[in-house]
Each structure stands twice: as structure tokens, then as C-alpha cells.
Amino acid sequence: METRSRRSGYIPQEIEPRWQKVWAERGVMKADDASAKPKFYNLVMFPYPSGPLHMGHMRNYVIGDLLSRFKRMQGFEVLNPMGWDAFGLPAENDAIKRGGGVHPEVWTRGNIAIAKRQLGIMGVLYDWDREVTTCDPSYYRWTQELFLLFFERGLAHRMMSPVNWCPVDKTVLANEQVINGRCWRHPDVEVEKRDLEQWFLRITEYADRLLDDLSLLDHWPEKVRVMQANWIGRSHGVEVEFPIDGHPGESMRIYTTRPDTLFGVTFMVLAPEHPLVEKLTVGARRAAVREVVESSRKAREIDRMSSEVPRLGAFTGAYAINPLNGEKVAIWVGDYVLITYGTGAIMAVPGHDQRDFAFARQFGLPIREVIAPAGQAQGELEAAYTGPGSMINSGEFDGLDSKASFDRIAEFIEAKGIGKRSVKYRLRDWLISRQRYWGCPIPVIHCEVDGIVAVPHSELPVLLPREYKPLGDNPDFWRTKCPKCGRDARRETDTMDTFIDSSWYFLRYTSAHNNTQPFDSELANHWMAVDQYTGGIEHAILHLLYSRFFQKVLHDAGRADTTEPFARLFTQGMIRRGGLVMAKSKGNGVAPDDLVARDGADAARVYEMFIGPPDEDVEWSDSAIAGPVRFLQHVWRLVDAPGSFQVTGSDASADVLRRRVHQAIRKVTEDYEGFHFNTAVAALMELANALQAYLAGGGRRDDSDWDWALRSLILLLNPMAPHVGEELWSRLGGKGLAADAAWPQYDPASAAEPEVTLVIQVAGKVRDRATVPAGTTEGAALETAMRSEKVRAALAGRAPSKVVYVPDRLINLVP
RNA sequence: GUCGGCGUGGCGGAACGGCAGACGCGCCAGCCUUAGGAGCUGGUGCCCGAAAGGGCGUGGAGGUUCAAAUCCUCUCGCCGACACCA
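Residue numbers (the numbering used here): 90 to 904.
The set of hints was computed from the structure by calculation and includes no laboratory data.
It is possible that part of the hints are untrue.
With a straight-line cut-off of 25 Å between C-alpha atoms, the simulated BS3-like cross-links for lysine-lysine are [to be verified]:
#	residue 1	residue 2
1	Lys492	Lys505
2	Lys492	Lys513
3	Lys854	Lys879
4	Lys673	Lys205
5	Lys126	Lys824
6	Lys119	Lys824
7	Lys205	Lys110
8	Lys368	Lys417
9	Lys513	Lys312
The task is simple: from the sequences and hints, build the whole structure.
If you want it as C-alpha cells, here you go:
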């Protein structure tokens, strides 16, 4: 491929490898644990090495590298590590697909090598001494250690449960990995429900803290915090016992967040799986009820999740007694009630709950109004009224405000001993068992006598066998002895969800070679929390919630001071091409290798920053990279090619040049800090244009103003285009590496413009402009405005009745 | 359905309530050149006009304000998340 830059003298292919070598040799991005400088832990979500990286992935790493270089120049000791989320199904699937028997480890290691090389040619630097690879025994032995820590603290347990099963991956999935009833990896594959005994982590014990501490994360995107809060789904309600008519001692316990509607209950509904269904159903209703139970069991998860009517439902023949008003209400079984939430049973208030309303309509059940919006009953309802109002048809509670009555009624219920206040969560415990080979083995042993026994710490790691087949099919792996009694025992053959691996890797980076514990607490406390975490929004719930959970458990275990792992979070947008997200599977990826070969890494980096706001999705353009290419050539010629600009005779003022530089330093610094990289590029281009205008006006290249202006440009550009930065810095005789240079400082007074353009409006319309000294008074501005013929014409003889003056900006004359 | 985000030139996108369209791509004209997919100079929202100048313009309709892309209400369109959680 031909380069675009034959004539400019800027040949990226000649300088890039040279500087990459220098950075590596001098250990530019090595983090010093003992540095006296303020620390800055800059982290980009580590990748799953599934193959070559494309420019969609690269956006992330360029942002991270830019920040690391910027923060270093600002005087921080930067920790900027990288690693590989290397366990996972794609390694197995790919190995199977190719049929050639490629071992997942070989596949994974190969991909790591490719990605690592690609990061290198893009000029992206890391402290590779701290590299972690989650599939390496030197890492997963500590994942196992942490599992045992959870186990010993009662936070890891095994239980029988209806779980999500992906028939393609042949493994169970966490709730978080089921999207609309489908597997997160296979959007066209519906998950099945199976009853299996599985390992869970008790994340629900941390639900309150995970929710409440979101308020500490004021540098996280609001969107992510809202998503996590919704996922945790805490609700405050009341559990109430409804006695069963004709079954003394038996009662139906329901959960409601609307105790103010208790007088509006016209029927009750049990989930099909509820144990009372079998007990309560009367003979004549048995067939109909069984039909509902069977159909909903067989119904595909996806249908059951749909809120479309018709629903499955049947009357059981039994009645409950409303403990508040003594009314007998029919008990139904209905598939819209979930056994997994609350008590698996509800009181139905069709007047004020849309789901109950639909069910009542479908089966011709009564509807009663107990909340009136403006104190007035609405009569026949077309839909449930779910808003606030005052209570009616509610005995002694009539007239109470529906919202305010919550506590009144809750107290009443508690006083009568028929129920109690209760908090429920949508969040479920985290299912971590996976029936796969390529994952971290769960370090426990099943003994017929001693039950579940932890593998002794001294015997870790439980190594994955080399042979690629399910662990359950590998007796050499699972045949073992009980550590307690020494009898024959069976090793656990499930591996862990790979999200466990990534829930603590940021801690491992702080002492990546520690061989006595997962991480050194002192070093972790030094570097944590991560000051800046950058990654994709797709992890808003999964990875970010799990990592927060781990951090809190490790805090409770006395291993870490910090309770939140990531102080500041940035979620970058995705890059599309041809309207689709850039992805290997879509065949629309742009290889960094090709761009580097043609235009150089710096142009590719600048283009990725210039392409649009980093938090938004953007469309890749194959032609628009020409702008950044020209820009870098332009900068190059400012340093290197004295004769290449026409002199046009415009003014060359050193004052103007100095001002432009101070303005650019301010703008670029603020934009880097605020993640406005696209406008930072624009500011750098403007500065380059200002330097050129200075030359075009006959400005001299041998004075100190020029030299300082040029060096400032190079340093501001350096985090974004580091190879050009180093090369030109050294050609200008800069001391040391640009990467080690101090960030330019600006002086606000020197950045201020002495003259401003005053916009002159008449009745809010721009009629003229005038150049006036900064700080012009209102009186002088008005005088200037009235001298304008255009203004006088617009006023047409009328005198302004009102004058609005915004100093140094605008004057508006209102007739 | 609920919640959230976004609608600005041919294109990507700028714009503390105060000059709409910075910066760039593309395009047009000129210069330089053996050559141009290089470089340099200028132009480029739309309409009327030779020009000077004028009018109109940030999805649509209202509103607040001296002043609205920006704030408020309604509405249309696109995108995303959640989706029977009682």
C-alpha cells in the first residue's frame, strides 16, 4: 500500500517503531510502587482475546493510553496495566468449530499474542510487568483462593434451584446473562428452565449496600447507576397473612407494596408452582388447575415473560378471608404470578393494578375502586388507576391520602399480628457454576461422609487437566480423596463463571507477582480505588456490579480499605461501519495493522479521537482520516520545512501567537480532563493554523516566541500522537522524552483577548458588529452602537426603551 | 408499556440562555508543479440579488425571555435499557 505522505517528509513508518522501542527500553509506563508522586490508577477494561483487534476495540485503548500519557506529564505516578480475560466459552466453541482439535489454551494464547502486538504498533503503552492472564494457574490459583474466602464466610453455597440452561453452550447461566429469555451469547437461542444443584454467591446479602453506595459514585454516568438500581430492584412493602376459608391454621401469605389498596382485593392469585395449589384445589376444579400448572411449566420462558394477554388462570375452588374487612375472596392460580418473587402469591386489586385488571377482565372477576384521584370515584374503569388519591370504600381508613396511609396501615397490620413490613429485591443470588471445561475449577471436594469439603489452601491450585473434555467426563480429574477422612471422594467438576475472574483483576495488578496471596493489601490500598475506569456500557450491570460486590466482601474480610473499586467510570460509545457496530462477526472491522501501514499509528489515533464525542456511538468513515493525516503533516512541516508556506502579508504578531498558545493550552487541558477529545483535536488544529498564520505574515522562526509556541503544540499533541510528539520534540532539542516532559501551563491573563467583537442587536436581531476593547463600559458600548448606520436604520428613528448589555459580548437595543 | 438518550449544512460534528454551523471530510475556484490522490490561497447553510444588501434557518407546534439549538409543555421520528418484580 502506498503511503499518502511522500512529499511532506513525515513518514510514520520510519519513526514509529523506533520510538516504540525507546519507550519499551526506558520502561516509560512502569509504575513505581514507592513513588512520592500522587498516584493515578488508570484502567481500561481488559479484553477477552477472541482474535485480532479492530478499530472499534481500539478506541478504548487509545483513550486509556492518551489519559495515561497526559496524567504522567501532569506529574502523576500512573498505574496503567493490561491483561486478558482469558477463560470463556468462545475458546471452546472456536476450537470445536474448526474441528482440528485446537486446544482452547493454544487458541487463547495465540490471540493474546496477536492483540498484544497490535496494541504495540498503535503506540499504546502498558506496564507489561503486571500483565495478568486469568487462565494462567498463577492467576486462577488466587481466584480459587478467593472462592474459598467466600465459602468460609458463608457467601458461597450450593443449592437446588430452577436455573437457566443454554442448550447451545450446554451450561447454566446467571440471571444477568439471560436477555429477554434468551442466552446473552446467542440472541436467537431461548434458555430452558432446569432444576439443578448449583453453586451460588450470596450477592443478595449485599443488596442494600450495593444499592445505597451507588450514591457515593458521583463520577459514574447517571445511566449506569440507574441501571444498577433497577437491577437490584429494592421495594418496600408489607407481607400479609390471609386465612383460608375452611382450612383452619392454613394461610396464604402475600407481599404488596400497596397496603392502601387492601380493601380493593377482589381475588387472590397463587403462582402455578406454589405449594398451596395442590393443597387447596377442590375436586371439581382439579382438572382445570392442573391444566394451568402443566401448561405454564411447559410454556417457554419467553412466552411467560410476555405481558400479552391471554393469560393462563383457573379458580382453585378455595377462598381466602381478607383480614382487614373479613370478606371472602376466591383464590385463583395464574401464570402471571412468579414463584421467584415475593411470596409467590398475590392479592389482586384489579382497580389499581394493571396486571390484575387484565386478569379480572379476562376471567370476568369483580373490580372495585378504593383509591379516588380527586376524592371522587371514577365509576366504570377502562384501566387500573395506579396513581395517588384518597382512600374510599375502605372502612375506617376512608379519606386518608393513599401515599401517606402506608405507615398507618402497616402499623395496623403489625398491631393485629396479621403481617409485617418487608423489603424485597429483584436481585437474585449469583449463579456461578458452569458445566464447561475452559474455566476456573471450583476448589471443593464432595465426600459421602463429610459432605462438601474445601480443597486445603496448600493444595491449590486445582489445575485444569490438559486434556480437553468436560471435567465430569474425566475421572483422572475428579477421582480424589476426602481431605478430612481420606475416603474416596469426587472433585467438583463445575468451573466458575468467568465474571468471577474479572471481579478482582484490578486488585491483582497492584501486586501481580505476589505468590503468597491474591494481592498484597498494602499495595492494593496504595493504588486503589481505580481513579479512572474506561469500558463499554454493556458491562453496566454484570461486571461492574460483581466487581463492586467483590470489593465489599474483601473489605469486610479486612483485605481492602476501599469499599468501591472504581471512583470514576467512563463508558465509551461504539464505532459503527455501514450502519452496524464494528465486529468481527459482521465482517466490517477495520484492522489497525492496515491503517498503521498506510497512515501511521498517530493518524489512526488522532482520527479515533476526532471522530466524535467519545461517549456516543459514531460512524466510521474511510475517507475522513485524511484530515488527521494532513494535520500531522502540517505540524511536521511547521518544525521541519522552512520554505513550505506562502507569505501572504497578513500581520505576524507575537502577541497574537502567544495568546493563541495560552488559549490552546487551556482548551486542550480542559478537554482532556473532561473527555472531550474531539474538540481537543480541533483546538490543536487551530493552534497549528495559528502558527502557520504567524509564518505566513512574515513571523520569524528563530525567535523565542516561535520556539515556545511550537514546543507547546508538540507537548499538547503528544498524548494523542506520541510518535510525532517524540520525534519533533527531539528535533526541537527538547530535553529527555516528550513522554516525560512537564505539561504546559497557561496564564489566564495572557490568554485573554484585549479586543472583542461586540454584537449589536436591535430587538434581538443582529444588525452590526464592532470591535471594542475588552472591558468596555455599557455607556461606551451604547455610543458605539448608536454610531452604526445599520443600527440607526433598524431603529428607524425610535429611541431604545431598554438596553441589555452583556460585557464583551453583546448589546441589545429594544425600541 | 415504563425509563433514558438523541434529532443542527452534502457528511462527521461545534456552540457557559448571548455572533448557529468551530474543527475536519467532501466539493468549487486559483496558485505551484513534468505530474498530482501532494502542498499553498480563497470560497462553500438555504433563498432572492450582478453586487451592496435582505429574508429564512437547529425534526414539528406552542410557551417563557430583551435574547432559545440550549429552558418549559405537547407532538413526530430514531436509538438504547428494562419489561408481569405485585
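Hint check:
no., hint, verdict
1, Lys492 x Lys505, "21 Å, holds"
2, Lys492 x Lys513, "19 Å, holds"
3, Lys854 x Lys879, "12 Å, holds"
4, Lys673 x Lys205, "17 Å, holds"
5, Lys126 x Lys824, "21 Å, holds"
6, Lys119 x Lys824, "20 Å, holds"
7, Lys205 x Lys110, "15 Å, holds"
8, Lys368 x Lys417, "18 Å, holds"
9, Lys513 x Lys312, "23 Å, holds"
The structure meets every hint from the earlier list without exception.
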